[in-house]
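Asks: One letter stands for each residue in the lines below.
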Amino acid sequence: MNIIRPIAATIIGLFLGLLVTFFAGENPLNVFLIFATSGFGSTYDFGMTLTYSMPLILTGLSVSMAFKSGLFNIGAEGQLTMGALAAATAGALFTSVPAFIAPIFAGICAALAGGIWGGIAGYLKAKRGAHEVITTIMLNFIAAGIASYVTVYLLKDPNTQNPQTIPISPNYKLETFAFFDSAPVSSALFLSVIVAILVWIFLYRTPLGYEIRAVGSNESAASTACISISKTQILNMFIAGSLAGLVGVGEVLSRAECFKLDFSPGYGFTGIAVAFLARGNPIAIIFSGFLFGALQKGASDLEIFTHNVTSDLSLVLQALIILAVSADGLWEKILSGKKVKL
Amino acid sequence: MQLFNFVKNIFLKSFFFSLFAIISLNSYAEINNKICLILDKGGKDDKSFNQSAYEGFLKAQSDFKITKDSKYVTVKEDSQSPHFIRTLSNGDCGLIIAVGFNNADIVGKMAQKFPKQRYVLVDSSIKETNIRSLSFQEHEGSFLIGAIAAIKSKTAKIGFIGGMEIPLIKRFALGFESGAKYINPKIKITETYVGVSPAAWNNPTKAKELALSMYNQESDIIFVAAGASSQGVFDAVSDMNKKNNKAETKKFVIGVDSNQNYLIPGTVLTSMEKKVNSKIYSAVKDFIENKFTTGVITCGFADDGVDWAYDTYNKQLFSNEDIKKINKIKQDIISKKINVPDYYKVGK
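Protein chains in written order, with numbering that gives the first Met the number 0: chain S, 0 to 341; chain D, 0 to 347.
Since the hints were made in silico from the structure, they are not lab data. Source: prediction; values computed, not measured. By construction, the Cβ of each residue, glycine as well, lies at the ideal position given by its N, Cα and C atoms. Heads up, some of the hints might be wrong.
[Unchecked claim] Restraint ranges, calculated between C-beta atoms of paired labels, are given here:
1) S:Gly40 with D:Pro166: 33 to 43 Å
2) S:Gly128 with D:Lys187: 51 to 61 Å
3) S:Phe189 with D:Lys126: 38 to 48 Å
4) S:Phe21 with D:Gln315: 46 to 56 Å
5) S:Leu314 with D:Lys344: 43 to 53 Å
6) S:Ile3 with D:Lys126: 53 to 63 Å
7) D:Asn338 with S:Ala177: 47 to 57 Å
8) D:Thr248 with S:Ile145: 39 to 49 Å
9) D:Pro184 with S:Asp180: 55 to 65 Å
10) D:Ala155 with S:Ile141: 34 to 44 Å
11) S:Phe99 with D:Lys126: 31 to 41 Å
12) D:Asp302 with S:His306: 30 to 40 Å
Only chain D is shown next, with the shape it has when bound in the complex (with noise of 0.2 Å):
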């Protein structure tokens, strides 16, 4: 009997043992393509640029052999950025993708407390082993926008709107402004910014009052890139141009990371696309066929990394001569024949 109760024993151990090893190592295959995507505040639906990332995202969802349990979490408020990049690193996730400058710095951190954990994050250039760093070359985007405003302006005068004051929004300000003034040096540029603090990011109304001053001073053309707020300066064009039906004083906008065309078709004159979308997509894909290279990565014009949106809603408002100086001067910055000055290098 008592050996009976032995076998016994031992039979169950071992099973329950073998149970075990079976369920871990299923979670560990699990846990290996399980990829996390860290927000900011702007959310999934921003029409910009969280919701480009959330779209690359949910297309590599679709595409590869990713877990379900794969989610996406949107940071609320600053306090609660460290907590999830730490919770999430204890080896949870794969992958911890992680959106806007705002993580950047605490990922920093979390990297060399998990230096297993791996990361992508965008819009930095921080070099650590264990992070991709995707450093979006907004000057070189926004000089081609400053150059297209520049071509189409009717009356040499256009405007940019940025977000909050800091060096992200100036290095567009600035390749804007240097991408006109190659077209037209006599133009006439206004430059300002929604606020100075993260609630600049999310004020449309501020935006909006900016933007009509702006329009009745006879600007006919607003770069804007600002968050949330952008949203504020699409409602003053429809406002505008509402007012006055005469095409030649039609007013226009540019939208900014996603492609905003379809917003106001025919309206919006183009947008500057920072891929996010097809960056992060890229990013996952490496991961899943196991190539994941970390560094900086520099996404500007010759690695498709930014770009003019020419679709069907603003196909109308281009010529073919329009599009061949475009193209030309992509070509130039691709080649370094224009040399765009970068913010982050002439600014301090």
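Pulled out of the complex, with its shape left as it was, chain S reads as follows (with noise of 0.2 Å):
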């Protein structure tokens, strides 16, 4: 049932939301088969469809990582940015790290700022009572602003009009699969699976993992199991905003070579719908994240091939999916309506 759910909401999301592209006056059938083909008909199409799904793999779990102690990280977004720019920054000034190591360096730095930037979120909420949703998304205006200062005036890169930071040293390289066909897909790859696999370990397997759970759980019962709840809380979210931050390795050290102002199509935000559709466990985060990759790829597509409908549609197809999963009302009575019948 757990399994059921989550695959039927995305059958009934795609199948209205292909309904809405026949008023637009296209064949349903047609931009279905566009969706199909674009995220997997080539190499280089389901390359892409990878490099998409990167990221929104990592926002995903930084989202579900806070929610597991009861926290809403809206802030993935600012932490990614901050993460990008900081891998971004050790590329470009630390030119000597020899070869193998740089990409683990900046790792380390991305996850560091996004963990700090997540951090100082939690802090906040712990010590200082301020909602986190309030203040996340504060912080995603101010890591917009600290990313266009040093893109704009510190790091910039003179041989392009483009606002973008200087590009990094080759030591800091991802090298690209050429199964891919160009498509920029490196072995941050598996760092978006590995690390999915470790929130899961950490979470259910460390008693770290328990107490933040616990926390999730009951909050009043997890102190009295002397569980220091601010303590718990600021470091979930600054492990979620390290994951968040980790996106910063494939889409700088892999993809871009640079940090782009704006880089980011909301990868944080639809990490949300990602952790949400997944009901926040780290592996269903691995199917969802490529799911929702694969929407974001074939809805650029959409663009390419057909006349009436923009890419715009992936948002009508995520925000329908949403819906679907998160009707709980209704999904009880189609179930609890079929014991009856039983």
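Two chains, two frames, a set of hints: combine them into the complex.
Replies: Here it is, written out as structure tokens:
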């Protein structure tokens, strides 16, 4: 039943979304075929789908990690901005780091930067009682401000008019796999999957993970059991932030090779949808992240291959899928209704 | 019986083969004249740069034998741009037209990967064997605009509002400034920008604030080059003119890229037109007639790439004397009597 629900929700959402395209004057079957072929049609297409999925898996993990201790992390966007900026800064400034260690070094910088950004919200929540939804949203704006300051005034690439930082030194570059025919898929792909598995182990097989879940399930019971609420919340937001910050590894080290202002098409916010579809399960997030990646990729091809439908359809589809998956009352009615009949 | 089957088999096979050949030949003929236009974030209705490109594309589509599959796509966010260019470069389109400096770097890379694909790049000067780069001489146009503003200004104070602070826009500013100083060395010019990030192209509220404060400091003409933010300056000038009806203190605005004179007739002094439409039209024309050439093409006054807009909407604002002066300066720029400073060469 746990698996049936998200799958059914996806099918319902897709169906309704395609119905919308019918009213926009397109053949829904045709739109569906474009989605399918654009996601998986060639090795390049598949590579692009993976490229879109990688950051979504990480931001999905970030949101669900915070959710485990009852916090709502809307700030994945700001955290990934800081992470990517840190990775790009490390890559541009510390050029002498040897090739093998360099990407790891940049990854640590990205995770730390994202983690600190998330940790600030965690600290404000735990020590000052500021609601994390408000603070994370506001930190998003601050991150965007810092990013544009650094990009435009400190590390501006003088060879282009686009607002982007100096390219990272070659030591830092993650080679993209030739198999994917110039789609920027690198070993960062494995990073997302490995991190997802690690998060699962952390949450369900370690004492710290247990504490986080305990705080999320019942705060007063957890504090009675001598779990420090504030420590757990700060730590949890730090981890959530560093997960989002890791987006910088794939996006900077293998895709753009520099920090581009406004590079993220809202990965942080789509991550919320990814986490919800997977109902917070880290392993399921791999699949829901992949699904949303395919939607994103398919949507940008709609722009190319149809006349009336633009890439905004992916937002419609995401919304419908989330509506379908979160319609609790409806699902209980359907499921309980069946039980009565049986 | 076996022989019959064999013959049937051969027949069917050759039939299908020829069918296949016909279809593929047909589609080959179609591929050749498919034109794909990639617009930058402003989209086809930005009343400015992208719209001009789109108009040229539409005109070419109605005048030449171009397949109906020809299409335009709009880049909504930066990460889409490499993907669009890469997907369209797969041989589907005969000619790809990419608008805006945002797309330029990526087209440069893709052009090396797909040497048979032909591209037109608007607003760039990338040299590749399969790219025609249209490099508009914004500084020349802006110089003339600066001169016009200085001729028409009654307060001897004029302003420039740019979108994002980048070399391309600074090129406008420098041309404008030196044009104004050419007419009146003592003229006061206020130069300001909406912002430093791409959001600056789409922030009419801030542009309006900037414009209002400039007008309140007695500037009476503002030249605006700020994409979708320009709308704010147009709003500001109508607000100012609503408050005071005296003809002597009337405020003016100067549009950019497209001819924007029609937006507020009589208040838009003129527009610095970049003739993206006609340059795209002629690129498609060359392509269809198989005369397509590549390389960097400069589009200045001499090549009718930039010009000032003079039409029924702003006719009453200029006396014959003004027109003579303006045309004289234009001729002098073409004949290089006037040396217009280029930010791309001076600024660095």
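Asks: 53 to 63 Å was suggested as the range; check whether the CB atoms of isoleucine 3 (chain S) and lysine 126 (chain D) agree with it.
Replies: With a Cβ separation near 58 Å, isoleucine 3 (chain S) and lysine 126 (chain D) satisfy 53 to 63 Å, so the hint holds.
Asks: Is the hinted range of 38 to 48 Å satisfied by the C-beta distance from phenylalanine 189 (chain S) to lysine 126 (chain D)?
Replies: The hint (38 to 48 Å, Cβ to Cβ) holds, given that phenylalanine 189 (chain S) and lysine 126 (chain D) are roughly 39 Å apart.
Asks: Quick one: are glycine 40 (chain S) and proline 166 (chain D) within 33 to 43 Å, going by C-beta?
Replies: Given range 33 to 43 Å: holds, Cβ gap about 39 Å.
Asks: Kindly confirm whether 30 to 40 Å is satisfied by the beta carbon distance between aspartate 302 (chain D) and histidine 306 (chain S).
Replies: 34 Å, holds
Asks: For the hint 31 to 41 Å, verify it against the beta carbon of phenylalanine 99 (chain S) and that of lysine 126 (chain D).
Replies: At 37 Å between Cβs, range holds.
Asks: Using the beta carbons of proline 184 (chain D) and aspartate 180 (chain S), state whether their distance is inside 55 to 65 Å or not.
Replies: 59 Å, holds
Asks: Can you let me know if the beta-carbon spacing of phenylalanine 21 (chain S) and glutamine 315 (chain D) is within 46 to 56 Å?
Replies: 52 Å, holds
Asks: Would you say the C-beta atoms of alanine 155 (chain D) and isoleucine 141 (chain S) sit inside 34 to 44 Å of each other?
Replies: 42 Å, holds
Asks: The hint says 43 to 53 Å between leucine 314 (chain S) and lysine 344 (chain D); measuring C-beta to C-beta, is that right?
Replies: About 44 Å separates the Cβ atoms of leucine 314 (chain S) and lysine 344 (chain D), which means 43 to 53 Å holds.
Asks: CB of asparagine 338 (chain D) to CB of alanine 177 (chain S), is that within 47 to 57 Å?
Replies: Cβ of asparagine 338 (chain D) to Cβ of alanine 177 (chain S): about 51 Å, so the range 47 to 57 Å holds.
Asks: Is 39 to 49 Å a correct range for the gap between the Cβ atoms of threonine 248 (chain D) and isoleucine 145 (chain S)?
Replies: Holds - the Cβ-Cβ distance for threonine 248 (chain D) and isoleucine 145 (chain S), about 43 Å, lies within 39 to 49 Å.
Asks: I want to verify a distance hint. Is the separation of the beta carbons of glycine 128 (chain S) and lysine 187 (chain D) within 51 to 61 Å?
Replies: 53 Å, holds
Going through the hint list in order, the structure satisfies each hint without exception.
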